[in-house]
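Trainee: In case it helps, our numbering puts the sequence shown at residues 1 to 187.
These aren't lab readings, by the way, just hints derived from the structure by calculation. None of these values were measured; they are calculated from a predicted model. Glycine included, every Cβ here is placed at the ideal spot set by N, Cα and C. Treat the hints with caution; some may be incorrect.
Label pairs and their calculated CB-CB ranges [to be verified]:
no., residue 1, residue 2, range
1, E164, A93, 16 to 22 Å
2, S35, D101, 26 to 32 Å
3, P172, S150, 35 to 41 Å
4, A133, A33, 33 to 39 Å
5, A88, D174, 16 to 22 Å
6, Y103, Q135, 24 to 30 Å
7, A108, E51, 28 to 34 Å
8, A33, M100, 36 to 42 Å
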Amino acid sequence: MNKQAVTIGVAMAFGLLGGQAQAARIHGEAAAALSETDTYALETAAAACKEEDFSALMGAMAISDAVRLKYSAPEITVVKDGATSTVASEDYADFPIGMMDYYWVSRASMQAWDSNPDVELEYLDMEFNQSQANQWAVDWQHVRFDGNSSGGDDQGEIVERIGEPGVLSFEPFDGCWRLIEDYRGQG
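Using the sequences provided together with the hints, build the complete structure.
Mentor: Structure follows, in structure tokens:
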């Protein structure tokens, strides 16, 4: 029995055939290697597409590289400090947005926090903009909050915007959306 047959057998055992099997077998990895978070995020993303809920799709992308890969164009245009390049989706490792306890945070600080919970999270201010053609632009920027909650579970008011804002662009594709561009400003 070859590796592909074993992978298909594992996918069948986990009920991951069809669209989920393709997402689960990211670049030849067996479906069994899919984490619990990735499985949950892929299910959330599929439901978000069905319900046309872009914000829920972004939340799933923020916690899962598997979702980010599945819902990206084969090539992503990256504009950083005025220079434009094209990166294959599987090589795009600089997705800027993460999520921690329902807060948008930088992906880098989320990953650092996973290794060391003493690391300070970098919070993001996010704005979702939809065009008449159902394209989405996600404007994001690092921010600092005052920490004075208005009685809920919020971080208070934004007191500082840090660095240049960025924009992630998405286009409608196959009943959902896919990431096509990561714009990081002029430096």
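Trainee: Would you pick out the hints that fail for this structure and give their numbers low to high?
Mentor: When the structure is compared with the hints, numbers 2 and 8 turn out to be violated.
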